[in-house]
Amino acid sequence: MSESNFSNPIVTIEQLPTISKLEQQPLSAKYAPINRVINLSLILIVCFIASFIYLQPFVDLPAGLQNFLPFFTWAVALLGALFTWFIYAGDRVKSYSLRDLDLHYSSGLFFRKVVSQPITRIQHMELKRGPIDRKIGIAKLQVFSAGGEMHTFEIPGLPLEIAQQIRQFILQHKDVVKHG
Amino acid sequence: MDSRNKLSSIENTAPTDNPHNLNNWQVLSPIAILYFGVSVFKHLFSNIIFLIPAIAVSYKSILEHPFIWLPGILFALALLSVFAFISFKVYRYRLTDDNIEIRSGIFNKKHLNLPFSRVQNVKIEQPIYYRFSGHACLKLDTAGSAKNEAKLIAIKLDYAQQLKSQIQQHGQNSEALNKQQHPTADSNEFQSESAPNNATQEIVLNRRKLSDLVIHGITSNRIWIFLGGLAPFYDRIFNYIGEGLTSLGINLTELFSLQSHSILEVALYALSFTMLIMLLLVSFSVIGAIISFYGYTLNKLADKYIRRSGLFTKHEVSMSLSRLQMVVQKQDWLDVLLKRINLYFEQSSSFGKNLDSSASSSKIIVPSIKPQESQALIDDAYPENSLKVLVINNEFEAISKRFIFRNIVYIFMPVWLIGLSFTLLNGKLTLALLASILFVTLCGLVVLRWKRWGIARDKNFVYLRKGLVGVDYYCFPIYKLQQIQFKQNLLMKRRLLATVKFVLASGSLKIPMINEKLAYELIDQGLYQVESSQKSWM
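Here the protein sequences line up with chains A and B, keeping their order. Under our numbering, think of the first position of the first sequence as 1, with each following residue one higher. Under our numbering, think of the first position of the second sequence as 1, with each following residue one higher.
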């Protein structure tokens, strides 16, 4: 985190900081590629299972299924490749931004979305790391407010030490300490 | 005074070994057995509903073998009463000055420990079978999940009231600690709070007469849910009615046959028949409204709203003003015609996970009030709001006309065109005509929907208007926001439009396709107010 993240002066309504000019921080450089690898391997596994069933000599399949399987495999492969590319492109534009008093997360290729979470409304936080996340040292930060589970603020693919720094920053934040 | 009251009520509720020691575990009054029995029965019954079709199909064969079902039912009842009795036997509660503990459960032992300062919401419920013995059930909600609810199942009503005010006082005391640094201002401003006897200080804000409830029953469309539930039995019901009418000498097929009657006659019969059924269904809805809201009063005590209602089970819900997240003023099309309004005071949705608008939910609804009454209540809750002025001068900012274009061209038009080409290719002209009529109607509805959308704001509040034929107004203080979302797709970006979603503790609100600049202003102002006000959302 650079020093500039921590300056968020609020003077008057006219001089309000605006979210249209956020300083966007990228996610971990490993996040988008690893997601692509995971998606591609999932598709490969599905295709592999389908081809195995099609080619195996042990059991006689119903004729309908036998005719359907090649089509299914190709469809999964093509659509899968397309979606993986979309997700990859989408992952690359995800970014977050931390100001003195709020957190922001931007995402979406065609459907842009910016979620703004004031730190003073945070109830609790979770740092989530799956096995692959642990292997490559990234983490997912989840922030819960009283807005309900549907509106959990979530930043995926943060480098571990930055995720921990943000967590510490929020925990020691004066608004959270006061209202906690 | 306080402690003496407590002791006497303990002697009423339960004979304890040492009534002078408040820290002893106490048992409930035996009337609680009835409560446990009924709640188990209710629980079972809600599951039995899924079995009803099976029972309905085979009920004749079941009826023919009374030696099977009679002992079965008796056994079930015996089991139920044993279960209720044991539940009663294992239930213990203990009260200290700032804490309540409850031990309960037969197989799953539960030990609940709830400090009074964590209590969000106190409800008093009086089922009809408690009314003769003067008992009540006290429910304490926490900010956590609905499962963390503590229930004191059978205590004397006056003791419940006293406990309630004690718990709420406790919450207030901890909140008002910093206020007490200015005792002079405090005593001037909060005179009603400092008065020792709270019961006499309640101000009645609103009452609902029986006629209002009848209107509420007619306008609230709960009947369609009822109809949906009955759908599997339509055939059977109609057969049954038909048989019944035949036995009375009325033959439906003959009545509606065009051979023996003129078209006008048949039409009149059909009309009166539908009217009769509608009347029946509406009366069900009215009965439902009366059961939920009979004897409705909305009172105010210091900064607390208290709602009491119920014909059989009396509910009492209280909510402190600081917990209020949003005021919603809803008008269905029928409400618009009758000039009535349903007003909702919404609090955090985790308190009332159940989404029903009946008497048991913890949101406060004021059913079918007149517009000026509604405005008076809103002004009482939010004195600085300018909803009335905004509505009169129509100062709501409309959303973009692209909303109409998008919905019609991208959503309804393709479906209509596909349907049209299919029906025309197959030569089904009437179907094509029907599809076109439907399409035009939907387009009309989209325009109406667009017309209803609107947003306005002032220094402290955001106001949202939406609806279709009816019109709903939402009003919330900006500092209550939990999170704000800005949404924009590439097409909207080209036209400088955006969608904003406001997330509050009571739920989320969306305003689609407003000016991008306005969207940014709303978000920036929202964040500014949340972060600078330092006011708690609770």
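Think of the hints as simulated: they come from the structure by calculation, not from any bench. It is possible that some hints are incorrect.
Below, a list of computed lysine-lysine pairs in the BS3-like style, where the Cα atoms sit at most 27 Å apart [stated by the list, open to error]:
id, chain 1, residue 1, chain 2, residue 2
1, B, Lys517, A, Lys21
2, B, Lys388, B, Lys209
3, B, Lys209, A, Lys94
4, A, Lys21, B, Lys501
5, A, Lys113, B, Lys510
6, A, Lys94, B, Lys517
Non-conforming hints, listed in increasing numerical order: 3
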